[in-house]
Each structure stands twice: as structure tokens, then as C-alpha cells.
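Chains as they are written, first to last, in the working numbering: chain A, 1 to 276; chain B, 1 to 772.
No wet-lab data here; the hints were simulated from the structure.
One or more of the hints may lead you astray.
[What the hints assert, rightly or not] Simulated crosslink set (DSS-like; lysine-lysine; CA at most 25 Å straight-line):
(1) A:K40 / B:K768
(2) B:K396 / A:K223
(3) B:K720 / B:K589
(4) A:K259 / A:K223
(5) A:K40 / B:K655
(6) B:K720 / B:K736
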Amino acid sequence: MVAQRVDHKWGMVVDLDRCTGCQACVVACQAENNIPINTKDYFQQRRAYEWIRIERYWEGQFPNVKAKFIPILCQHCENAPCEPVCPVFATYHNDEGMNVQIYNRCVGTRYCSVNCPYTVRFFNYWEPVWPERLRNQLNPDVTVRSRGIMEKCSFCVQRLRRGEVNVERRGLEPLTGERIPTADRKLNYRQMKEGNYLPSCVQACPTNALQFADQHDETGPVKEHFDEANEQIETREHGGHVDESHTRVYRLFEEIGTKPNVVYLKKVEPFPVEKA
Amino acid sequence: MKLTRRNFLAWAGIGAVGAVACEGFGIRYGELDIQSPVRLPEDLVRGTDNWYASLCRVCPSCEGIVVRVMEGRAKKVQGNPFFPTNQGKSHARCESGLQALYHPDRIPSPLRRSGPRGSGQFLPVSWQPNGIDSLRSALQARGSSSVMITEPLRGHLGLLASRFASAIGGEQLGFESLDNNTYRAAVKNVFQQDNLPDFDLENSKFILSFGADFLSTWISPTRFNRGYGEFRQGEHRDRGMFYQIDSRFSMTAASADKWLPVRPGWEGHIALSLAQVIVAENLQATGVNVDALVGGAAGTQALNNFRPELVAPMAGLTSEMTGGDPVEFLKNLARSFAKTRPAVAIGGGSAGATDNGLFNLEAIYALNYLVGSVGVEGGVTLNPGSPWDNVPAAGKVGSLADWTRITEQIRSGQTKMLMLHGADPVHGLPESLRLRDAIAQAEDLFVVSFSPFLDDTSAMADLILPDRVYLEDWGDDISEPGPGYQTIGMQQPVVNPLADLDPLSFPDVLLTMAQELGKESQLPWSNFKSMLREGSDALFALNRGSIDAASADDFWNRLLQRGGWWDEKSTGPTKVQAPNGLLRSIAEKASDPEFSGIGIDSDSYYLVPFSHNTLLDGYNGHLPWLQSAPDPLTTVTWQTWVELGDSTAEKLDVKEGDIIRVESSKDSIRAVAYISPAVPPDVVSIPLGQGRQHGSDYATDRPGSESSNVMDILETTQVKGTGSLAWAGTRVRLFKTGESVSISKLEGDTRAEEIGTTPGEEIIKTIKPENH
């Protein structure tokens with residue numbers, strides 16, 4: 001039986017104007033989620049595992065050249081193209097806004113990977129191998145995925161669950177350990193920060209380009225952006241026009257209608273490269 | 001069963017009750033359809049974790065970390081949210097401390113050389129009597145002619161190492177491949193400070209950076225990244241403006257609003273041309289005594305030699321680069337910089353790494369006086385000294401002049417003992433210094449390494465006494481640069497070494513030796529922890545700062561709990577009087593950059609090496625997470641690449657993945673070509689970090705064409721006035737070898753370019769500041 005949980009709707013906001021491409025999120029994710037060591041061969045075969053990666057796009061030519069960075073991770077789409085194609089329901093959408101991968105259901109058809117427009121699903125072509133001593137570092141909260149199955153960003157669900165257990169079920173304030181009255185036991189942004197329940201990439205990001213919270217949490221940093229993004233969707237669905245030149249909020253590949261739970265904020269560009 | 005009206009109603013009733021019951025049992029409606037009978041393992045949270053505060057030691061900056069420990073094993077490293085410099089944030093490098101801790105290639109126990117020196121052949125020996133006795137006898141016989149080479153040391157380990165060296169009559173020096181001595185000298189000459197300053201990027205409105213890759217590797221990148229994030233999109237402020245003047249398109253240049261490519265070594269001239277415009281147009285901040293700063297009429301005359309009209313062509317600025325007349329561009333830049341306050345000018349990296357590097361940096365930092373940014377919010381924040389009287393807040397780091405002298409001493413037999421800790425000078429110094437040969441051929445030299453990993457210098461050792469990794473050991477540090485006030489970081493062992501490892505703490509070994517050699521008067525402590533505890537008691541006695549404790553024991557516990565101590569009221573100076581005639585004296589010492597060796601001809605290129613984003617100078621080369629973290633701009637991993645501009649590639653008929661031989665007057669190396677649209681036509685760039693010959697497979701298992709050390713080809717030019725290596729002062733020639741490899745990078749086979757030509761099509765959408 002599934003225990004009653006407080007409803008959440010998790011969401012991430014990526015501010016491209018803050019991102020410097022430093023790779024802190026990438027390594028933090030690998031450390032947290034037992035991602036196999038990406039060897040030189042993996043990169044040469046284009047099979048490196050990076051649940052979050054920094055893509056770099058050139059714009060222009062020397063001397064009028066720019067390089068722009070964008071962190072790409074599973075967008076946890078509301079209309080996820082990866083979900084309906086899975087023949088064994090190994091990937092599904094839970095009601096917290098997350099696209100979830102059940103590893104021990106996966107039979108490795110890779111249909112989901114083919115159907116993902118963001119290329120954020122990774123197939124285990126090999127059994128992950130760590131030297132014996134390095135295995136001491138593996139996170140006991142996260143499954144080590146075996147050969148033949150698909151894996152992807154989980155929004156560090158193990159951290160969210162730990163937060164839910166400590167705050168919502170046990171009723172403990174993260175820093176002080178004080179009891180929280182039963183009526184107030186809903187994990188909020190402050191508790192997520194203090195209790196270290198934010199996804200590992202968000203926690204590490206030195207410029208705070210990555211922000212994560214419940215989309216309905218008034219105290220969190222993402223609500224206003226999701227409200228705006230949802231308003232955009234609604235306007236479009238009703239045939240209205242969204243004036244994109246005056247908003248920073250957008251979703252990746254908005255036009256294909258996946259409704260991601262990751263929202264991007266546009267880079268501010270005072271000296272844009274003139275395009276041909 | 002026959003379907004009757006009665007049966008139908010009965011079943012409908014049971015169904016309704018069942019549905020209500022199911023809802024009541026708590027199964028979430030949305031998951032009923034596809035709820036897995038096998039739960040997502042991550043849903044089940046088991047075990048209790050403990051978090052310990054400590055210090056990151058993967059790079060020279062001082063960052064507070066917290067380490068997650070479960071069942072005696074360290075599981076995760078994160079930034080310490082209380083620590084003032086990094087405020088809970090971390091660099092990619094910090095995380096990889098775990099891989100150092102549990103590295104498969106850690107040296108498990110003491111080793112004694114069994115083959116020819118440099119062969120890397122060793123046999124294990126015991127600590128007692130072999131290891132410790134050998135060290136004691138070597139110190140007794142050779143201590144007075146010894147040199148101890150360490151990482152840059154501050155705090156109590158700095159005090160211990162320098163006292164130990166002086167007690168035995170030897171010398172101790174810190175080592176960095178790309179040392180900051182020129183930057184340090186510029187800070188001393190311009191601001192009269194012994195401690196490196198902080199930059200308040202968070203509150204700045206205009207950043208003008210020359211050569212400093214401060215978002216990637218320069219000085220304190222996590223702190224600067226944090227400030228940069230606020231500088232861009234902090235609440236209750238306007239977005240800041242950022243110009244990067246740099247001979248290489250670095251990760252920092254990529255984040256700038258405008259990158260101005262400049263010929264290497266001309267940054268100081270540009271800084272003075274900006275100063276000239278500010279002075280000539282009377283744009284200085286209120287209260288700035290321009291006459292005193294410039295040095296009267298003679299100073300104005302000297303500055304006039306740096307008018308934009310003269311400097312722009314010398315620095316190689318063209319109208320294509322500046323989008324119009326370069327002279328007007330410089331004048332407008334000076335005006336914006338002076339009017340958008342608070343503004344801050346930062347200089348470092350390649351700007352201080354040509355023979356005239358000291359002039360360049362002094363000229364850059366002097367700009368801060370003109371715009372009134374010294375000691376103010378949003379500008380240069382000066383740092384106070386150490387809270388302890390005798391504990392160094394700045395590490396003494398050797399310059400190329402020092403390493404040349406020491407190499408000569410080894411060669412002549414004057415230095416008879418070399419002790420190494422946290423430094424790999426054989427890999428990190430230019431090959432033409434011949435340190436490797438000097439050590440290999442010295443007959444009467446005893447080399448002891450305290451490294452927990454084999455590296456190129458440790459491979460030359462006679463004895464290796466493996467140190468504990470920092471997550472297993474005690475320590476402290478004084479933040480340099482601090483956040484503007486006194487800040488101490490504490491390092492504590494968060495786990496014990498694994499059972500199959502037998503390391504001994506380096507400071508404890510030094511203290512044991514001091515006692516056995518009868519040096520207790522200089523080093524009276526029985527172990528390093530007691531030395532640190534004495535330091536803690538001294539802080540407690542100050543009766544100020546972040547820890548409010550009733551007793552010294554309580555203070556010590558809280559110090560470890562919080563990961564350090566800081567006192568926001570003990571700030572550095574907020575007012576500094578600029579030296580009289582500062583700009584005149586800088587202008588008078590100006591010189592053009594000189595490039596020895598090949599010299600400047602049409603077939604050669606400026607070589608601008610750079611510190612690797614995660615591997616730095618190569619000391620992290622054994623850590624697989626850092627090898628596999630893509631370089632932000634090229635996305636290359638595991639390999640050494642040479643960045644060529646499109647025009648250079650076309651001229652040489654080179655495509656990506658071709659092996660290029662890069663040749664200076666000293667030597668040549670091979671590297672994989674990466675062709676970039678952002679490299680100037682007369683420049684090539686190669687990262688440091690690879691090319692280790694000894695040690696972990698993660699650092700050494702690639703052929704020389706894919707993993708090479710750019711230090712091998714650098715000219716040994718020194719920066720005038722500091723003796724540091726002028727590492728951006730080399731010219732090279734490029735040759736196609738005809739070989740090619742598959743490049744190991746995240747980017748696909750085709751160059752990833754933003755192809756959206758109309759708003760709405762881009763992957764990375766942009767917005768104009770006025771619409772924001």
C-alpha cells in the first residue's frame with residue numbers, strides 16, 4: 001500500500017544569464033547518482049552518461065563570436081514522449097511532476113530514448129565497473145543500474161524522499177530538530193535548503209543558475225516563473241499570442257507541446273552577434 | 001450469475017464502496033493505473049547519515065565543505081553553507097576529493113626505490129623501522145642542505161613546515177606551476193597589501209577583467225562565480241556590465257558581454273590608455289586626487305604616451321573587433337567604466353604572464369583608484385592579516401628564479417636532500433629547466449616524497465612515505481583571499497583510512513622527526529592536532545568572532561562543527577592612500593612584451609597556455625571525474641588539445657582530430673587539433689593538466705599524441721621584477737603530422753552552433769537588456 005503523501009509539484013528553473021558553464025552541476029550529479037566513470041571510449045562512442053550536461057553553442061565567427069552555455073537535463077515533461085512508448089511501463093509520470101524510471105521493470109527496448117527530443121536518456125551498454133576501492137563512495141540511497149537498462153535524471157528523488165520522511169512524516173525541523181505541528185508538515189523551500197534536500201546539481205551550482213522547488217511554494221524561487229510559463233501555455237492553447245520579446249521565461253522546444261517541468265530564463269544579451 | 005436488476009445494484013454498491021475505500025487507504029489516484037508492484041528503490045530511504053564540516057584541499061583556494069558519511073564511508077562532498085568564502089557552493093573539483101580518498105592507485109604503505117632513479121620501481125617497506133629510520137638518518141646527515149617543496153601552505157601547516165625547515169637548517173618553498181607571485185607583487189605595489197584582495201562582484205555594476213579566468217581557475221573561482229551570479233541577476237539590482245580583455249577566448253570571456261581580443265602582453269598599455277582618457281576627460285570619481293595619483297604634469301605627459309590612438313594599433317585592435325573605430329571604442333569603454341560605479345578592474349592570468357606582466361597588472365589595478373573602487377562596496381575589498389601573530393596568511397611560493405637556483409643546487413651537489421609534499425615540480429616546470437635530469441643524475445641526493453599518489457617527481461624518490469588524504473587528516477587554513485574579514489577554515493578527519501591502507505599524517509611525521517632530532521624547542525607539539533588545538537585556544541582567548549563559547553573545549557567543538565571561525569568586524573583597511581605619482585611610475589616602467597626563442601615571424605603563433613578547468617596544472621590528473629568533466633568551451637575530455645582558429649586550420653589544412661606537432665625553440669609536443677571559431681588567427685592555446693609519465697592509469701594511459709604537457713615547450717622567460725615564469729611568452733610553430741585520432745568530447749561530430757536566425761528558433765534564447 002502506498003502511504004499518503006503531501007502533494008507536491010516539483011520544478012526547476014535554469015537561468016541562462018547566470019550560467020558560466022563551470023561543470024559543477026555535472027560532477028555533483030555524477031557523485032550523487034552513482035553514474036559510471038565516463039571513460040575516453042564512452043565519449044568517443046558518444047555514449048557518455050551525463051544526466052545533466054552543459055551544451056555549448058557557438059555563435060558568429062572571430063572576432064564577433066560568442067559561446068553560450070545551456071544545462072540540459074531530463075525536462076520531466078507533463079506530456080512526456082518517452083512514456084507512452086514504453087511497452088512495460090518502466091517509465092511513467094507521477095503526480096509530483098516527475099518522469100520516473102523504474103529500473104527493474106526496464107527491459108531495454110530503448111524506445112523511450114529514441115522518442116525523447118532532449119536526448120537525456122542513457123542506456124547502459126555495459127555493466128558499470130568501479131575499482132573495488134572506489135565503490136566505497138557509492139551512494140547507498142541510489143541504485144547502481146545494471147547493463148541493459150535505461151537511466152536518466154531523477155530530480156534526485158532520493159533527496160526529496162529523505163526530506164519528505166524527515167519533515168512530513170517525522171515532523172522534524174532540519175537544522176534544529178524541533179517538532180513541527182502536524183498541520184504545518186509540508187516541505188518548504190527553506191527546509192529543503194537547510195536539510196540538503198535539493199537536487200545535487202542545484203545545491204552545487206555556484207552562480208545559483210539552477211533553482212528548484214515546489215511549483216506552488218510561495219516561498220520558493222520558481223513559482224513566479226512557472227506561473228508565467230503556464231500562462232503562456234494557456235494563452236497559446238486558446239489561440240492567443242505570447243509576446244516573447246518582453247519575457248525571459250521559455251521552455252525548451254515549446255512548440256512540440258511536451259510541457260516540461262523545467263523552465264529556462266533567457267540570457268540577456270546587450271551586444272548580440274549579428275546573424276547572416 | 002444471471003444479471004438481474006437486484007444483482008446489478010448490489011455490485012454497483014460494492015464497487016462504489018471499494019473505490020471510496022481505496023482512496024481512503026491512501027493509494028494516490030494518479031498512480032493507480034501504472035503503480036509498479038516493484039517500488040522505485042529511491043522511494044525507500046534507509047540509514048542515517050552524518051555530515052562533518054571540513055576544508056577542500058583539491059585546489060589552492062580555501063573552501064569550506066561538508067562531507068556526508070554513512071557507515072564509516074564518505075559519500076558526498078558539498079559546500080559548507082556557513083563558510084563565508086563559498087557560502088555552501090562548490091566547484092566541480094571539490095566533489096572529486098572522494099575519488100582521491102578511495103582511489104585505487106593510492107600508495108598503501110611506505111616504498112623504497114628498488115630500480116634506477118626515475119624508473120618508478122619500488123618495494124614496500126614498513127614504517128618502523130625502515131621508513132621512519134631512513135628519514136631520520138637522512139635528515140641527520142643532510143637536513144642542513146635540504147629543500148622541502150610543498151603546495152602553497154598557509155595556516156598551521158605553513159608554520160610547521162617553515163619552522164621544521166629552519167630547525168634542520170634547510171629551506172621550504174611552495175610550488176605552483178602558474179604561480180601568483182606577479183599578482184601578489186602588483187597588489188603590494190599598488191595597494192601596499194600583503195594579503196590578496198577580494199572583489200565584491202555581487203555589488204559591482206561594471207567588471208573590467210584583463211586576462212583573469214576568474215570564473216574557471218583563477219584565485220577563488222567558486223567565490224567569484226557566486227558573486228557573478230548576483231552581478232547578473234541578483235534581486236534588487238540592475239544587471240551588471242562585463243568586459244573581458246584577453247588574448248584567449250576563455251570560459252570567463254564567454255560569459256562576458258564583450259570580449260576584446262588583444263595581443264598577448266599589451267593589457268597594461270590598454271589599461272593605461274583607459275586611465276589617460278579618464279584623466280583627460282576628468283571622469284574620475286569624486287574625491288580622487290588625480291594630480292597626486294598621476295604625478296603632476298610629468299605624469300600627465302607620461303600618460304599621454306598611452307593615448308588610445310597610439311595603443312590601439314600596438315595591441316592589435318581592429319575595427320572588426322571593436323565594431324567601429326578602435327580608438328573610439330577604447331574611449332567609450334573608459335567612459336562607461338568611469339561612469340558606471342561601482343566598477344572594478346581585475347587583472348591576472350595571461351595578462352601577468354609575459355615578461356612585462358608586472359607592469360600590466362599594476363596598470364590594471366591602478367584603474368581602481370581612478371574610479372574610487374578601493375575598499376568600497378562593489379569594488380576591491382582589502383583583506384586583513386592572520387588573527388594569529390605567527391601563523392602565515394599567505395603561502396611563500398617559489399618563482400622560476402627560485403626553481404632555477406634549486407635545480408642548479410641539485411646539479412652541483414649543494415642540495416643533498418629533497419622533500420616533497422603536494423607538489424610535482426618535475427611535471428609542473430618547463431622541461432628546459434632540466435629538473436628531471438638534475439635529480440636523476442645527482443649522485444649524492446636523497447629524495448623523500450610524502451605523496452599518497454605516484455607522480456612524476458615522486459617517481460624519482462628514494463623513499464615514499466604516503467601521507468593521509470585530507471579527508472582523513474587534521475588541518476586548518478586562512479582564507480586567501482578572505483571575504484574581506486578574518487576567516488579561518490578547519491579541516492578534520494571525517495573517516496579513518498581503509499584497512500588496506502597504512503598512511504601516516506605528514507605533519508605528524510614532521511613533529512615526530514623534530515622530537516627525535518632534538519628540535520622540541522622550535523616544535524614543542526607532540527602531534528599536529530595538539531598544535532591546532534593551541535591555535536583554537538588562542539582564537540578563544542581573542543573573545544570575538546563567530547563562535548560564542550563558554551570554555552576552550554566548547555570553542556574547539558564549535559570550531560569543528562561549523563568548519564571554521566570568522567570575525568566580520570575584523571576587516572581589512574577600507575581606505576588606502578594611493579602612492580604619490582602611482583600612474584606616472586607605472587607608465588615610466590612600461591615595456592613592450594618580448595618573445596624570445598622563435599621570435600615574431602609570419603610562420604609562428606603566440607602560444608597562450610591555460611590552466612585546465614578541472615585538472616588545473618595536472619595535479620588532479622589522477623581523478624577520473626575531473627578527467628571526464630568536459631572542458632566548458634571545447635567539451636574535450638581525457639586528451640590534450642590545441643585550439644586553432646578557423647583561419648589557421650584552413651591555412652594548415654588541418655581538421656579536427658588531426659595530430660599537430662607544436663614546436664618552440666625548446667622542444668615540441670603533439671596534441672589533438674580542436675578547431676574553434678573563437679581563436680584569433682595569430683594565437684594557439686593548449687591546456688595544462690595532461691602528459692604525466694608516472695602514476696595512476698587515469699593520468700597516464702593515453703599515448704603522447706593525446707596526452708602531453710605544454711610546460712615541456714615553454715620558454716624560460718621570467719617576468720621582470722618578480723622572476724616568475726612568463727608562461728604566455730612563448731611563440732610556436734605548427735606542423736601537421738599526418739596522423740589523426742577520434743577526439744574524445746561531448747560535442748557531436750559537427751560543430752554545435754546556434755542556428756536559430758529568428759527569435760523563437762534558438763536553443764538558447766536571448767533578450768535585450770532594455771526589454772528585460
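Here's how the hints hold up against the structure:
1. A:K40 / B:K768: violated (40 Å)
2. B:K396 / A:K223: violated (50 Å)
3. B:K720 / B:K589: holds (10 Å)
4. A:K259 / A:K223: holds (16 Å)
5. A:K40 / B:K655: This hinted pair holds, its Cα atoms lying about 20 Å apart.
6. B:K720 / B:K736: Distance of about 35 Å is beyond 25 Å: violated.
Hints 1, 2 and 6, counting from the list given before, are not met by this structure.
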